[in-house]
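Chemist: Sequence order for the protein chains is S and Y. Heads up, the first sequence is in the UniProt record's numbering, so the first residue is 1 and it goes up one at a time. Heads up, the second sequence is in the UniProt record's numbering, so the first residue is 1 and it goes up one at a time.
Watch out, some of these pointers could steer you wrong.
[As the list claims (entries may be wrong)] Between beta-carbon pairs, the in silico distance windows are:
#1 E49/Y with Q271/S: 58 to 66 Å
#2 P183/Y with S265/S: 37 to 45 Å
#3 S34/Y with L165/S: 31 to 39 Å
#4 E182/Y with N345/S: 44 to 52 Å
#5 G181/S with R42/Y: 24 to 32 Å
[As the list claims (entries may be wrong)] Dumping the calculated DSS-like pairs for lysine-lysine here, alpha-carbon to alpha-carbon at most 27 Å:
#6 K150/Y with K176/S
#7 K261/S with K150/S
#8 K228/Y with K151/S
#9 K343/Y with K228/Y
Derived by calculation from the structure, the hints in this document are not laboratory data. Owing to the predicted nature of the structure, the values given are computational and were not obtained by experimental measurement. Where is the CB? At the ideal position from N, CA and C, for every residue including glycine.
There are 2 protein chains.
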Amino acid sequence: MNKHAYNVAIVGATGAVGQQMLKTLEEREFPIASLKLLSSKRSAGKQIEFKGTTYTVEEAVPESFADVNVALFSAGGSVSKALIPEAVKRGAVCVDNTSAFRMDENVPLVVPEVNEADLHNHTGVIANPNCSTIQMVVALEPIRQELGLKKVVVSTYQAVSGAGLDAVEEMEHQTKAILNGEPVKAEVLPVGGDKKHYQIAFNAVPQIDLFQENGYTFEEMKMINETKKIMHMPELEVAATCVRLPIETGHSESVYFETNKGGTSVTDIQQMLADAPGVTLQDNPSEQLYPMVTTSVGKNDVFVGRVRRDLDRDNGYHAWIVSDNLLKGAAWNSVQIAESLVKLNLLGK
Amino acid sequence: MNKHAYNVAIVGATGAVGQQMLKTLEEREFPIASLKLLSSKRSAGKQIEFKGTTYTVEEAVPESFADVNVALFSAGGSVSKALIPEAVKRGAVCVDNTSAFRMDENVPLVVPEVNEADLHNHTGVIANPNCSTIQMVVALEPIRQELGLKKVVVSTYQAVSGAGLDAVEEMEHQTKAILNGEPVKAEVLPVGGDKKHYQIAFNAVPQIDLFQENGYTFEEMKMINETKKIMHMPELEVAATCVRLPIETGHSESVYFETNKGGTSVTDIQQMLADAPGVTLQDNPSEQLYPMVTTSVGKNDVFVGRVRRDLDRDNGYHAWIVSDNLLKGAAWNSVQIAESLVKLNLLGK
Chain S
1 MNKHAYNVAI VGATGAVGQQ MLKTLEEREF PIASLKLLSS KRSAGKQIEF
51 KGTTYTVEEA VPESFADVNV ALFSAGGSVS KALIPEAVKR GAVCVDNTSA
101 FRMDENVPLV VPEVNEADLH NHTGVIANPN CSTIQMVVAL EPIRQELGLK
151 KVVVSTYQAV SGAGLDAVEE MEHQTKAILN GEPVKAEVLP VGGDKKHYQI
201 AFNAVPQIDL FQENGYTFEE MKMINETKKI MHMPELEVAA TCVRLPIETG
251 HSESVYFETN KGGTSVTDIQ QMLADAPGVT LQDNPSEQLY PMVTTSVGKN
301 DVFVGRVRRD LDRDNGYHAW IVSDNLLKGA AWNSVQIAES LVKLNLLGK
Chain Y
1 MNKHAYNVAI VGATGAVGQQ MLKTLEEREF PIASLKLLSS KRSAGKQIEF
51 KGTTYTVEEA VPESFADVNV ALFSAGGSVS KALIPEAVKR GAVCVDNTSA
101 FRMDENVPLV VPEVNEADLH NHTGVIANPN CSTIQMVVAL EPIRQELGLK
151 KVVVSTYQAV SGAGLDAVEE MEHQTKAILN GEPVKAEVLP VGGDKKHYQI
201 AFNAVPQIDL FQENGYTFEE MKMINETKKI MHMPELEVAA TCVRLPIETG
251 HSESVYFETN KGGTSVTDIQ QMLADAPGVT LQDNPSEQLY PMVTTSVGKN
301 DVFVGRVRRD LDRDNGYHAW IVSDNLLKGA AWNSVQIAES LVKLNLLGK
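Excised from the complex, chain S in its bound form:
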């Protein structure tokens, strides 16, 4: 990292991810010259502490980005679509945590452990992938590098905080209501903007985001398309089933994958994972050691365990991948992108 310090803006500072971005910037001692906390009009005026200083949240408007070097966006797709072009025009490099620009061919979609070099191609906007995509590609990349990758089938176990603080509150209210024998209200999940809402407490809901024409949800198509883009593998076979569960924070994934080269031992795969950046291997069945939400939340790494051979195909494997969806899935990956931009001298280019 060079010795400069940067003017940083956080858009969506009062949200679940925005809060984690601030915590992560502080922990990582990101070189901040000035900090702007931005939000919707509704949240403007709130006060937030950062490194002992109190900041007042301001409404995000185009002029907010004058003199900003790097802006981290996590305030929803429509905010990103409206304000990122304005911020870029004013010289800010934007790291966007929404899906607004992810599939734009001029926008790098970056997980630093996988494709940091793509940052060199940025033209002002870098997209942060979907939470469930990030943790999967971090775990699969070291294996892809050694053995190649042919097919991925993932079933997710996703936490409600991925749908925002309203969803977390809804789950808590519903859980209390059920334990007290009271009626349950559902107004947020599975998708705020969809027609119907279902109980999440003590339930499993196989819908995250809206359904697409092909029967997959948008969340599932994000995992499919983003994985191919990040890995630069349009030919990679990817399928996903995304499921929301009564868990506050922390996504888990059951992943079946086929490599190009078969016959590699589980021990060798475990070694690739143990050596990989951003991965913690937790895999010892005889000690009941495997990743869980309860042991992963609050940590930046992606945790991998339950690695085993498919019993039928000698290029088939199974693994269980867990990470904090608000950290590596969002805030930490965004801050990591900002750190890479600094390291590669790509801010203000």
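Dock chain Y against chain S, hints included.
Modeler: Showing chain Y alone in chain S's frame:
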């Protein structure tokens, strides 16, 4: 069904499954001449109501089975191993809900919608498959019949009641403790008899039953081996990842499967499911219609939705399968076997 009535015994009458067996026998108006409720010494003496009569639970001993025509066992593998030979010796036909005899080549492993005819080969014992296996084979069988089946990869979302009433209570206690900010105790899950115990509330635990030498859990191997046996397909490729979740009752499954014949439309697959015995198709994305635990519990059917084509392999499909693990997964399938035995005149043979 013929006009006879039978002397019925329930072993494990006070347990989670035993209770559902009684409820199901009553609902189905199974032709009962006499009913014996049996249990461990510890639970003997308890009183249970059935069709308006109060029964006193007796300790299960070999002599309990004199004159019994059909005995439904759900009191753990060691009880089944000890008492089923004694019951068979005394002329009772035993339907066993434990894993004790499932892989015995002389014991039919039966899901009536799939392999009812195997009952003809019984020599006194019929095994009821594992809960997570049953709902999967009911959903896949109609597709197998039309298109053949090559490979199945399943990730499960399993409820705590599959681990018994103690596990349900543990989840409730932990949930209350977390909501009240109190410390969490874990003494039952993931496996009563294993070394370590983990929090299940607001967590996902990728271990059900003990780990085997090959890195799979026994629950996963049950799904693999039992599916092949029930479908009479030793060559079928099956892999499973079994996960326990904070859900009281109702298992969900995300299933990827490859058929022999490719290119069939989703509409045709949906029609096969809609026409199949024991299956309710719930599959309309535009109306957010898909199976969930909250809408499936308390019902005997297997609910299937989210049917879609794999985007890469033209013989690949995905589906979401939900059922009540205490009903079709246990009690209802056992009673259904008893009904089939009556129908086929195989009791007292």
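Chemist: Does each hint fit the structure? Answer for all of them.
Modeler: Each hint, compared with the structure:
Restraint check, E49/Y to Q271/S: a C-beta distance of roughly 60 Å satisfies the suggested window 58 to 66 Å. The beta-carbon spacing between P183/Y and S265/S, approximately 41 Å, falls within the hinted interval of 37 to 45 Å. For the pair S34/Y and L165/S, the beta carbons lie near 59 Å from each other, so the given range of 31 to 39 Å is not met. In this structure the supplied range 44 to 52 Å holds for E182/Y paired with N345/S, their Cβ-Cβ distance being about 51 Å.
In this structure the supplied range 24 to 32 Å holds for G181/S paired with R42/Y, their Cβ-Cβ distance being about 29 Å. About 45 Å separates the Cα atoms of K150/Y and K176/S, which puts this hinted pair outside 27 Å; it is violated. A threshold of 27 Å between alpha carbons decides the hint, and for K261/S with K150/S the separation of about 9 Å falls inside it, so the pair holds. Taken as a hint, the K228/Y and K151/S pair is honoured in the structure, with Cα atoms around 24 Å apart against an allowance of 27 Å.
In summary, the hint linking K343/Y to K228/Y is supported, as the alpha carbons are separated by about 26 Å, within the 27 Å threshold.
Violated hints, in rising order: 3, 6; the structure is consistent with all others.
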